[in-house]
Amino acid sequence: MSTIEIRKVTKQFGSFTAVKDADLKVEAGEVVCLLGPSGCGKTTTLRMIAGLERATSGDVIIAGQRMNELPPQKRDIAMVFQFYALYPALTVGQNIAMPLHSEGLSKADQDARVMKVASIMHLTDVLDRMPNQISEGEKQRLAVARAIVRDPNCFLFDEPLSRLDVELRHSMRGQIKEVLTGLSKATVIVTHDQLEALTMASRIAIMKDGVIEQVGTPHEVFAKPTNVFVASFIGTPQMNLVEADLRSFGDGKASVVLAGQSLAIAADPAVSRLKPSKVTVGIRPRAFTTVQDKAGDTIAAQAELIEPMGAETLIHARTSAGGDIRVVVPRDKRVKVGEALHLRPDPRQTHFFGEDGKAVRA
Amino acid sequence: MAEHNSIWEALGFRKASGVGEAGWGRTLAVAIVSLIYFLPVLFIIFTAFKPQDAALSVPPTLSPTSFFGLIPDKFVFSPTLDNFGSVFMRSMTTGGAPEATGFDRYFFNSIVIASSSVLLALVIGTLAAFGFSRYPLKGNDTYLFIILTTRMLPAIVVIIPVILMFRVVGLSGSYTGIILLYTAFNLAFTIWMMKSFFDELSLDVEDAARIDGSSDVKVFFKIALPQVIAGLAATFVFGLILTWNEFLFALLLSGPDTRTVPVAMNQAVSSGGRGTDWTLLAAIETLFLIPVFLVTFFLQNHLLRGVTFGTVKR
Amino acid sequence: MRLSADNWKLAIVAGLVVSVIAAIALPASASFWIIGAMAAVIAAAFVVNAYRRKYYGGLLVAPAIAVLFVMNIFPLLWSLGLSFYAYQSNQQSIRFVGLANYIKVLTNDIAAPANWAALVNTAMFVVLTVTAQMIVGFLLALLFAKQFPLRKYLLILVLTPMMLSVVASGVFFTYYYDPTFGILSYVVNSITGGQFILMSSKVGAVTGIVFADAWMWSPFVMLLVLAGLVSVPKYLYEAAAIDRVSKWRQFWTITFPYIRGLLMLALLFRTIEAFKLADLVILLTKGGNDTMTISYHLIRIANEQNKTSEGAAISYLMLFMVIVLTNLYLYIANRRSQGD
Numbered sequence: 001m002s003t004i005e006i007r008k009v010t011k012q013f014g015s016f017t018a019v020k021d022a023d024l025k026v027e028a029g030e031v032v033c034l035l036g037p038s039g040c041g042k043t044t045t046l047r048m049i050a051g052l053e054r055a056t057s058g059d060v061i062i063a064g065q066r067m068n069e070l071p072p073q074k075r076d077i078a079m080v081f082q083f084y085a086l087y088p089a090l091t092v093g094q095n096i097a098m099p100l101h102s103e104g105l106s107k108a109d110q111d112a113r114v115m116k117v118a119s120i121m122h123l124t125d126v127l128d129r130m131p132n133q134i135s136e137g138e139k140q141r142l143a144v145a146r147a148i149v150r151d152p153n154c155f156l157f158d159e160p161l162s163r164l165d166v167e168l169r170h171s172m173r174g175q176i177k178e179v180l181t182g183l184s185k186a187t188v189i190v191t192h193d194q195l196e197a198l199t200m201a202s203r204i205a206i207m208k209d210g211v212i213e214q215v216g217t218p219h220e221v222f223a224k225p226t227n228v229f230v231a232s233f234i235g236t237p238q239m240n241l242v243e244a245d246l247r248s249f250g251d252g253k254a255s256v257v258l259a260g261q262s263l264a265i266a267a268d269p270a271v272s273r274l275k276p277s278k279v280t281v282g283i284r285p286r287a288f289t290t291v292q293d294k295a296g297d298t299i300a301a302q303a304e305l306i307e308p309m310g311a312e313t314l315i316h317a318r319t320s321a322g323g324d325i326r327v328v329v330p331r332d333k334r335v336k337v338g339e340a341l342h343l344r345p346d347p348r349q350t351h352f353f354g355e356d357g358k359a360v361r362a
Numbered sequence: 001m002a003e004h005n006s007i008w009e010a011l012g013f014r015k016a017s018g019v020g021e022a023g024w025g026r027t028l029a030v031a032i033v034s035l036i037y038f039l040p041v042l043f044i045i046f047t048a049f050k051p052q053d054a055a056l057s058v059p060p061t062l063s064p065t066s067f068f069g070l071i072p073d074k075f076v077f078s079p080t081l082d083n084f085g086s087v088f089m090r091s092m093t094t095g096g097a098p099e100a101t102g103f104d105r106y107f108f109n110s111i112v113i114a115s116s117s118v119l120l121a122l123v124i125g126t127l128a129a130f131g132f133s134r135y136p137l138k139g140n141d142t143y144l145f146i147i148l149t150t151r152m153l154p155a156i157v158v159i160i161p162v163i164l165m166f167r168v169v170g171l172s173g174s175y176t177g178i179i180l181l182y183t184a185f186n187l188a189f190t191i192w193m194m195k196s197f198f199d200e201l202s203l204d205v206e207d208a209a210r211i212d213g214s215s216d217v218k219v220f221f222k223i224a225l226p227q228v229i230a231g232l233a234a235t236f237v238f239g240l241i242l243t244w245n246e247f248l249f250a251l252l253l254s255g256p257d258t259r260t261v262p263v264a265m266n267q268a269v270s271s272g273g274r275g276t277d278w279t280l281l282a283a284i285e286t287l288f289l290i291p292v293f294l295v296t297f298f299l300q301n302h303l304l305r306g307v308t309f310g311t312v313k314r
Numbered sequence: 001m002r003l004s005a006d007n008w009k010l011a012i013v014a015g016l017v018v019s020v021i022a023a024i025a026l027p028a029s030a031s032f033w034i035i036g037a038m039a040a041v042i043a044a045a046f047v048v049n050a051y052r053r054k055y056y057g058g059l060l061v062a063p064a065i066a067v068l069f070v071m072n073i074f075p076l077l078w079s080l081g082l083s084f085y086a087y088q089s090n091q092q093s094i095r096f097v098g099l100a101n102y103i104k105v106l107t108n109d110i111a112a113p114a115n116w117a118a119l120v121n122t123a124m125f126v127v128l129t130v131t132a133q134m135i136v137g138f139l140l141a142l143l144f145a146k147q148f149p150l151r152k153y154l155l156i157l158v159l160t161p162m163m164l165s166v167v168a169s170g171v172f173f174t175y176y177y178d179p180t181f182g183i184l185s186y187v188v189n190s191i192t193g194g195q196f197i198l199m200s201s202k203v204g205a206v207t208g209i210v211f212a213d214a215w216m217w218s219p220f221v222m223l224l225v226l227a228g229l230v231s232v233p234k235y236l237y238e239a240a241a242i243d244r245v246s247k248w249r250q251f252w253t254i255t256f257p258y259i260r261g262l263l264m265l266a267l268l269f270r271t272i273e274a275f276k277l278a279d280l281v282i283l284l285t286k287g288g289n290d291t292m293t294i295s296y297h298l299i300r301i302a303n304e305q306n307k308t309s310e311g312a313a314i315s316y317l318m319l320f321m322v323i324v325l326t327n328l329y330l331y332i333a334n335r336r337s338q339g340d
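Residue numbers (my numbering), protein chains in the order written: chain A, 1 to 362; chain B, 1 to 314; chain C, 1 to 340.
Just so you know, nobody snuck in bad clues.
Calculated cross-link-like contacts (lysine-lysine; reagent style PhoX-like; alpha-carbon spacing at most 20 Å): (1) A:K253 / A:K278; (2) A:K294 / A:K253; (3) A:K139 / A:K177; (4) C:K234 / A:K139; (5) A:K74 / C:K247; (6) A:K208 / A:K20.
Covered stretches of chain A (in silico footprint by chain C; criterion: 3 or more residues with CB under 8 Å from a CB of chain C, positions within the stretch not fixed): (7) 63 to 74; (8) 85 to 96; (9) 99 to 113.
Simulated from the structure, these hints should not be mistaken for lab results. Virtual Cβ for every residue (Gly too), placed ideally from N, Cα, C.
Using the sequences plus the hints, can you model the full thing?
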């Protein structure tokens with residue numbers, strides 16, 4: 001029954017609140033990513049689950065047991081550190097074997113397990129080398145190997161891929177996911193890279209300034225962000241968030257004055273509940289269609305910078321009011337600098353956020 | 001409200017969480033050990049405050065106050081500042097009038113000689129260390145080893161040729177002579193330590209600066225040197241501690257004007273003919289301890305960081 | 001031969017010529033200064049040459065080498081030379097005797113036994129005091145390894161013994177050990193009722209000396225070991241905690257490799273210094289009760305008995321031993337670091 005649950009967990013360092021009222025439940029076999037910018041409290045949360053930090057208040061429950069009092073030794077967890085934390089004076093093989101010493105296995109059993117893990121992580125060739133003699137990728141695999149050689153309650157990863165180059169990251173992402181799926185333990189991964197989170201996690205918890213803003217599947221956080229922060233954090237290129245005045249709502253369309261232009265955009269029915277006020281309209285760069293002429297639901301902008309991205313092109317456009325709009329078009333759509341564009345947002349990918357930054361959605 | 005692992009944490013004795021921290025319980029334990037370790041020094045300091053007659057008593061007096069009766073009276077002495085006065089002014093002959101002892105001069109000498117030689121060694125030694133580190137010669141290790149061996153012989157071996165040399169050149173009893181000699185003493189250690197520091201720095205920064213047009217001189221002063229400040233502080237403190245108390249060479253090479261405190265201390269204490277003047281010795285030593293104590297205290301953090309950097313990764 | 005600042009060959013020739021003329025024509029101290037000046041001119045020529053040809057390494061190192069040479073190496077060579085002569089500093093005659101001094105020092109019926117005894121004593125002292133310092137220093141370092149309140153103030157208390165003048169601490173230790181007035185005797189007295197004369201037996205005297213020396217210098221070992229302990233990255237201990245590694249094993253696999261280098265360094269330095277042990281012996285026992293060390297013996301011979309050349313011979317034997325030991329240490333240290 002390998003599960004992790006944190007209930008209203010808060011961590012304060014003196015007068016500074018690093019984590020506030022965090023709630024999260026991770027089921028066996030689930031991979032949950034704590035995602036957020038640096039300083040948002042994700043690593044602190046992870047360390048509280050590990051027992052390396054003591055929660056100021058709240059409950060940390062692992063495998064159904066409350067673990068606040070227990071030091072890391074007694075929690076039976078495995079952790080992969082950001083800096084790998086490999087024991088520099090031991091060989092690769094000895095590093096992997098270290099966690100097994102406290103399990104009272106016979107030497108033969110220990111060796112067997114080490115060999116098994118080494119072959120899974122493709123480390124059999126370097127078992128006799130020292131940590132400072134292996135490549136970065138091998139170091140990372142060694143850190144993971146040390147974690148999976150045991151049978152812990154759960155796995156914790158602290159920015160496991162941040163030190164690898166792009167290519168290695170790509171292959172390691174797949175490898176880690178494969179290994180984790182085979183083990184069906186609750187896993188928490190901390191990362192600041194949304195691509196990692198989107199590909200490895202079954203659910204993502206997005207954090208900002210110590211607060212968990214939203215927990216959901218990759219699809220949910222992408223398609224239904226609960227607030228402006230999540231909307232802007234997830235998705236590259238970043239979602240366009242434009243301030244607008246909401247005038248009225250009728251026929252499933254919201255009348256807004258956006259970037260100095262009056263439009264009527266199709267919006268979620270929940271928007272009808274809003275009084276005329278300031279809202280933020282969120283439109284993903286790929287949610288536009290470009291049309292020839294201005295219409296009641298198009299935004300006018302002028303292309304300023306063209307960035308070819310291979311199969312697509314990113315256009316930085318500027319509205320007459322001076323706001324920036326990012327548009328992504330397929331590469332065969334040729335746009336010139338200075339060209340006037342009329343952009344029609346896709347109503348299914350248009351989000352409205354109220355004055356409090358929260359999404360207005362049914 | 002935070003909950004605690006054990007009663008120790010609840011009382012604040014052990015710091016919760018943190019693998020590398022400890023709480024007041026640690027402080028208490030270490031305080032006991034440190035104070036016990038410090039006791040011989042404390043006794044010397046106390047003796048400096050004792051009146052003459054209380055200095056040699058049976059049993060030895062231990063405390064300036066009786067702590068509200070906790071300590072029996074026979075262990076208590078009433079403190080006085082007279083001894084500090086007699087460091088500088090006392091009667092040199094029995095029954096004679098008090099006269100200036102010249103100790104103000106001796107303190108001055110010690111400060112000047114020690115700090116000049118340590119600083120001089122720091123300057124020359126750091127330059128040399130940079131040279132050994134950045135422009136290694138074929139016999140580098142041999143040269144460094146030879147430099148280390150200069151520290152291996154007891155003073156007595158080199159003292160006679162040095163005395164003769166000084167006499168011939170006319171440096172006996174002068175500041176220059178003894179400062180040069182002490183500089184040579186400190187050089188071995190300085191070079192060795194600073195070289196370790198320079199070895200640790202990454203060369204990329206220096207190369208980048210050279211590409212940007214900095215002359216080698218600028219590279220040294222603006223780039224390499226600022227990064228090793230901790231090492232400079234550490235070397236300074238170590239050198240000061242070693243030079244401050246040097247006795248043998250000072251004894252044989254300094255003249256009446258350039259005498260340092262350790263030599264004067266020895267003289268003042270053993271020339272009385274009445275046996276050791278304990279309170280006087282204690283007063284001199286207490287005063288003498290203050291400068292090096294202060295320097296070490298304030299540079300403590302650098303010292304620790306400095307020793308780490310310079311010696312861990314070889 | 002053009003006249004320019006970097007023409008060192010010309011400088012050497014000119015310097016030699018002037019020096020020889022001065023040595024012949026002028027009185028000793030004046031000619032000494034002239035020769036010194038010529039040496040400086042020659043050196044300057046080398047320096048300018050090096051600067052113009054960018055031998056920066058040489059330039060940077062030169063002042064240090066110069067000072068060391070004049071103040072240390074030159075006297076060392078002089079003493080070495082002296083050890084091959086029979087010369088007594090109050091007489092005028094010098095005789096070259098080759099290795100006679102060395103042989104005399106090692107085998108002569110009258111002189112040798114004292115020398116050997118001193119040597120054996122020194123070896124004993126070195127082993128005892130260095131061991132004590134290493135253990136005490138290490139334990140002290142363990143105490144201070146973690147951050148705790150008031151650490152800064154307590155640390156300086158433990159560092160103070162190193163800062164004491166040997167004269168003061170030595171004299172006060174004679175006081176502490178004094179049978180009548182000393183605190184040690186008083187404490188023993190109140191338990192057993194009799195006086196305790198520490199210095200009356202060899203064991204007692206050696207203990208007294210070793211205790212004082214170790215007390216003074218253990219902080220040095222502590223500093224070095226502490227530096228190592230403090231440099232271990234915290235996350236290694238965290239990983240070990242999560243891996244449920246026992247504290248004992250944590251020490252051997254994580255901590256010890258970091259401090260091993262520093263421990264050996266402390267060992268090296270303290271051993272070199274311990275060989276020179278003399279001041280405490282002079283102050284505490286004056287060599288009585290068979291506590292004479294080789295360094296004190298040297299002082300006696302050279303200064304008090306005026307047998308300076310024998311003293312030189314003994315000291316070079318000592319130097320030889322220390323060099324052998326140091327090389328042994330370096331060999332072991334290098335082999336270990338390669339093996340990792």
